[in-house]
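Chains as they are written, first to last, in the numbering used here: chain A, 1 to 219; chain B, 220 to 299; chain C, 300 to 379; chain D, 380 to 1121.
Hints are computed from structural coordinates only; laboratory data are not their basis.
Even for Gly, the Cβ is constructed at its ideal location relative to N, Cα and C.
Be careful, since some hints might not be right.
As the list claims (entries may be wrong) - Here are the computed lysine to aspartate or glutamate pairs in the DMTMM-like style, where the Cα-Cα straight-line distance is at most 25 Å: (1) D:K578 <-> D:D672; (2) D:K675 <-> C:D333; (3) D:K705 <-> D:D672; (4) C:K363 <-> B:E296; (5) C:K301 <-> C:D349; (6) B:K221 <-> C:D349; (7) B:K274 <-> C:D333; (8) A:K23 <-> D:D822; (9) B:K283 <-> D:D672; (10) B:K229 <-> A:D179.
Said to hold, decoys possible - Covered stretches of chain A, going by a simulated chain D footprint (3 or more residues, C-beta under 8 Å): (11) 43-53; (12) 57-70; (13) 107-120; (14) 136-145; (15) 194-205.
Stated by the list, open to error - Derived Cβ-Cβ restraints for the label pairs, each shown as a range: (16) B:A270 <-> A:R129: 55 to 61 Å; (17) B:S272 <-> D:H702: 45 to 51 Å; (18) B:S279 <-> D:E636: 34 to 40 Å; (19) A:T27 <-> C:G328: 36 to 42 Å; (20) D:E680 <-> B:I297: 56 to 62 Å; (21) A:D36 <-> D:H994: 39 to 45 Å; (22) A:R129 <-> D:F974: 54 to 60 Å; (23) D:E636 <-> A:E150: 42 to 48 Å.
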Amino acid sequence: MKSAVVVFPGLNRERDMVTALEKIGGTPPAVVWHKDTDLPDVDLIVIPGGFSYGDYLRAGAIAARSPMMDIIRDRAEKGVKVLGVCNGFQILTEAGLLPGVLMRNASLKFVCREVKLKIANADTAFTGRYSDGQVIRCPVAHHDGNYFAETDTLKSIEDNGQVVFRYAEGSNPNGSLNDIAGITNAKGNVLGMMPHPENLIEPEHGGEDGRALFAGLLN
Amino acid sequence: MKARVIVTLKNGVLDPQGKAIEGSLASLGFAGVDSVRQGKVFDVELSTADAVSAKKELESICEKLLANTVIENYAVEIIG
Amino acid sequence: MKARVIVTLKNGVLDPQGKAIEGSLASLGFAGVDSVRQGKVFDVELSTADAVSAKKELESICEKLLANTVIENYAVEIIG
Amino acid sequence: MTLRNDIEITPELVANHGLKPDEYQKILDLIGREPTFTELGIFSAMWNEHCSYKSSKKWLRTLPTSGPRVIQGPGENAGVVDIGDGQAIVFKMESHNHPSFIEPYQGAATGVGGILRDVFTMGARPVAVMNALRFGEPENEKTKHLVSGVVAGVGGYGNSFGVPTVGGEVQFDRRYNGNILVNAFAAGLADTDKIFYSKAEGVGLPVVYLGAKTGRDGVGGATMASAEFGDDIEEKRPTVQVGDPFTEKRLLEACLELMATGAVIAIQDMGAAGLTCSAVEMGAKGDLGIELDLDKVPVREERMTAYEMMLSESQERMLMVLHPEKEAEARAVFEKWELDFATVGKTTDDLRFRVLFQGEEVANLPIKELGDEAPEYDRPWIEPAKPEPLGEVPQMDVADAVLGLLNSANHSSRRWVYEQYDTLIQGNSLQTPGGDAGVIRIDGHPTKALAFSSDVNPRYCEADPLEGGKQAVAECWRNIISTGAEPLAATDNLNFGNPERPEIMGQIVMAIKGIGEACRALDFPIVSGNVSLYNETNGRGILPTPTIAGVGLIEDRTKTARNAFAAEGQPILLVGAPAVWGSHMGQSAYLRDIFGRHEGAAPAVDLEHEKKTGHFVLSLIRQGVATAVHDLSDGGLALGLAEMAIRGGIGATVNQLNEIDPIPTFFGEDQGRYLVTVNLDPQGEEMLALWKRAGELGLFAPWIGSTGGNTLKLGDARAISIEQLRDAYEGWFPGFMGSTIS
Ligand SMILES: Nc1ncnc2c1ncn2[C@@H]1O[C@H](COP(=O)(O)OP(=O)(O)O)[C@@H](O)[C@H]1O
Ligand SMILES: [Mg+2]
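Next comes chain A alone, as it looks inside the complex:
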């Protein structure tokens, strides 16, 4: 299983992501700079968290319009798995690879804390190692994680089982509609999520609940 981490200027959780992929998958991912004109042949493309282009204009907006995203869109259409975490999720929605948008948190504040996530769909390429309804711990750290989609869109992603992670009862940190924390595209090979599973993969992190996501993807 080969993976690549794509880096835009201003991203800052790429090292955390590289470490997680390497520790759990056994081999280091390729690290691809946004200006590179080709992306190695991989089975998983990851866009990590951070503040691409300072999150200026709108979170993820500027990175979403880069030529690298055209390459990623193309791969996604061919069935390659794409994971966007935090800013990665924002970039994927801005690029139109995932429906909806991530707006400013309802509190208008950056929030970094541990939340409880409920697995809303364990039957995806990303969540196979979890079970439906399972509640896991996971940290969040973001300013714009308030998921919004128009009524029709929301209904269709709910009906299609595209909602994969929800903030469990009482722990929605940002005001997201339907407590949505992570969704896939209709085909199920692109996942975007606000929480940071890569920051909860070792006993020294205080828990390993994020591990199963990567373990499922990489093995």
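Dock chains B, C and D with the ligands against chain A, hints included.
Just chains B, C and D with the ligands now, with coordinates in the frame of chain A:
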């Protein structure tokens, strides 16, 4: 040539910033405000002197970058 | 009564957002844009029907909350 | 168009530049002629308090700054301390007080940006930041707005830059109503053989400008930082700088990449008084002259004058001296990161600082004297007055007092603040804010970790600056010990009022003396620091606030401790206690925050006792005997126990001494004490051995109670449920801030 672009949220789209401002105004004692919606303004300088082409260019810029048309509307105004 | 408030950065104040947008436009191939400055717009609904008092109220709201007058200017426009 | 450099130098203009008549005379004597307008600006920048330390230098020299692990003490952008295995920790703390009062978001943000630059300028990748914040009383109409803006600004910059916030302080006191304090700390990791310094070497080499463009930001900022606030504060507003963390993040990556190419001879970030201070420092340190050609400086505004360019405080800029043969390689790195790169001058052998602009020489000054000949004062000082003696200590129900303190401005949880900071980024955080010290593991190292804490009790410092200075160091040292780390070295941020008043100068002198004594006794050298004076409004100074931030090293991170009760049924020891457990009520949180009284002496710090106690606690952690550790500071035993119970979700039952007033027992603030829970049988051999060892050291470590249950029961007072404790503790801050937006 100068132009101003205004990007606002579509009706029905939740506006956390506007809501927070409403709340804040109420607690600051400004009672007469019924609603606030926040948007963005971009003051742009263009090298062209042709208003028609400037407007067209800006509309295309809005579609491509300045607005997220899933949730936002935009309006372009040439100032001169 | 409807009003629109526009808040812009004072001259000379660094606008990292505008700069990032300029860079992005250049790489998207929009060559004719010389500069972009980003600001905020607030669309406000007021319960009063008196334009003069509405304007006054909004100016005071700008001073207190909507604008950071250390680095920003504001303009209030009554739309009707 | 030639821009004017021939403005007449009037006494008024001189005064507006913060230069006293005798200082101006010194300039005339030094250069043998009247300075040009640009030169006057350069002198005012170099000779103000902020850059020259003219009031404090004499006393700062008395601080211990060396030690077996110290690679670089004060004098560079940051201190450098050896942590073994070829690695060093590089750190410093700096204030951004005045700008944060004027524009809290940008002031705090650029404060964080500035300290991060100090650290990565030296070749270190930032791995941790802290922020020590002091605001006016909660009732003050500005306080909420300032808290909201400062916290958002600190987070806005650090989160985007990508460094975890591991700790800090937040306090409220009416004495900061007109002068808040924003002290930002940053630490980075570097290889000991790849540290970069500001000393230029070699004649005729390119001086290169890197980073963001120059605007008129903060022109006059360094002068502002040293000026007392009056009612005309509004007029000083346009000098606010705006931070751009996105550019800073790229600057970090570009600088580290550039350093790896071997192109960098010397590097200096542009902080206060930007181009002026950085260029003069690089030249003067290297015994070289510098010639700058301002026409080459990347600017973002039109018609900037030489004066403005020399004094601009635009952020995210660096100055370097490069190996000429590597210039192309260096330029490529900066182009990759889309940052400005311009050769703006060269090093010379004539020891002059020359500035050219539009074909004219606008400044030509002796470079060494600009720094070395800066005025230095031995300002008159008097011993500060002693506080009123301690009157009768009022009685109060112990349980009510605990709940009152937990729900007060100064002792409640800071969660509202630190949840706005990314505390987890980089994936190495082992202890996040809420503990005694923040702990991060050293990336890539199998066993090591680092601990960080920032402390000072300004009320103690005002009552007794000598003991207060000692106490700040001791508390920081203790907090680091409490996690199981060996304290290595510290940085200080000395915030005071107007040093031209002898009683304020007395505070400065005595506090530095106390800090020096404590650092010497505890082998905790000061390797960097910052002084912020003139924190006064209309003649009323802030509380003397010498913030101390320290770094500790954990060799084996499987042997650490947290300040949360870890298990039920464990004995609680009060290590380092006096016979009556607690006694000192002067300047206590109990008196101040419950009864609004500020009397009595500050607690004395016995440094020998501190050292013995600290090392004993460290040995308990390393032996795996200690299961939880918490140092005691303000609020005493009661608050310490409550915090451990809340954080662990486990209660405790604690005794009280017969026939002794429970108030000093539970709320006294005697120094040098730790709460330690142990995994030993209180009746067993090992416990006896522990007490024997303590006895041999002359330490008292009474077994005061045991953990367990879901209430905290202090002596005869009613039991309080953990839920009630937690509600009180977590409730104050969100209640105070409500749903404010900044
Ligand atoms: N501004 C801040 N940023 C981050 N953490 C903070 C801040 N203020 C306080 N904290 C954290 O809250 C906890 C309590 O602070 P404090 O009472 O000052 O600790 P102590 O008494 O141990 O010195 C500590 O873990 C501290 O690091
Ligand atoms: Mg502590």
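Hints versus structure:
1. For the proposed pair D:K578 and D:D672, the alpha carbon gap of about 20 Å is at most 25 Å, so the pair holds.
2. Restraint check for D:K675 and C:D333: satisfied, since their Cα atoms lie roughly 21 Å apart, inside the 25 Å limit.
3. Simply put, D:K705 and D:D672 have alpha-carbon atoms about 21 Å apart, close enough for the 25 Å limit, and the pair holds.
4. Annotation: proposed proximity of C:K363 to B:E296 is violated, straight-line Cα distance about 29 Å (limit 25 Å).
5. Under the criterion of a C-alpha separation no larger than 25 Å, the hint pairing C:K301 with C:D349 is consistent with the structure, at around 11 Å.
6. A threshold of 25 Å between alpha carbons decides the hint, and for B:K221 with C:D349 the separation of about 33 Å lies outside it, so the pair is violated.
7. At roughly 15 Å between alpha-carbon atoms, B:K274 and C:D333 fall within 25 Å of each other, so this suggested pair holds.
8. Under the criterion of a C-alpha separation no larger than 25 Å, the hint pairing A:K23 with D:D822 is consistent with the structure, at around 13 Å.
9. Note on B:K283 and D:D672: the hinted pairing is violated, with a Cα-Cα distance of about 41 Å set against a maximum of 25 Å.
10. Distance check on the hinted pair: B:K229 and A:D179 sit about 22 Å apart at the alpha-carbon level, within 25 Å; holds.
11. Only when three residues or more bring their CB closer than 8 Å to a CB of chain D does the claim for the segment 43-53 of chain A stand; here the count is 3, and the claim holds.
12. Note: the segment 57-70 of chain A has 0 residues with beta-carbon separation from chain D under 8 Å; the three-residue rule is not met and the coverage is violated.
13. Here's how the segment 107-120 of chain A fares: 7 of its residues keep a CB closer than 8 Å to some CB of chain D, so the rule of at least three is met and the hint holds.
14. Restraint check on the segment 136-145 of chain A versus chain D: 3 residues with Cβ-Cβ distances below 8 Å, three needed, restraint holds.
15. For the segment 194-205 of chain A, the stated coverage by chain D is satisfied: 5 residues place a CB nearer than 8 Å to a CB of that chain, which reaches the threshold of 3.
16. The hinted window of 55 to 61 Å between B:A270 and A:R129 holds, with their beta carbons roughly 59 Å apart.
17. Distance hint check for B:S272 and D:H702: the Cβ-Cβ separation is about 49 Å, which falls inside the suggested range of 45 to 51 Å.
18. At about 36 Å, the beta-carbon gap between B:S279 and D:E636 stays in the expected band of 34 to 40 Å.
19. With their beta carbons about 38 Å apart, A:T27 and C:G328 fall inside the hinted range of 36 to 42 Å.
20. In this structure the supplied range 56 to 62 Å is violated for D:E680 paired with B:I297, their Cβ-Cβ distance being about 25 Å.
21. The beta-carbon spacing between A:D36 and D:H994, approximately 54 Å, falls outside the hinted interval of 39 to 45 Å.
22. Take A:R129 and D:F974: their Cβ atoms lie about 58 Å apart, and the range 54 to 60 Å holds.
23. The beta-carbon spacing between D:E636 and A:E150, approximately 44 Å, falls within the hinted interval of 42 to 48 Å.
The structure fails hints 4, 6, 9, 12, 20 and 21 (numbered hints given earlier, in ascending order).
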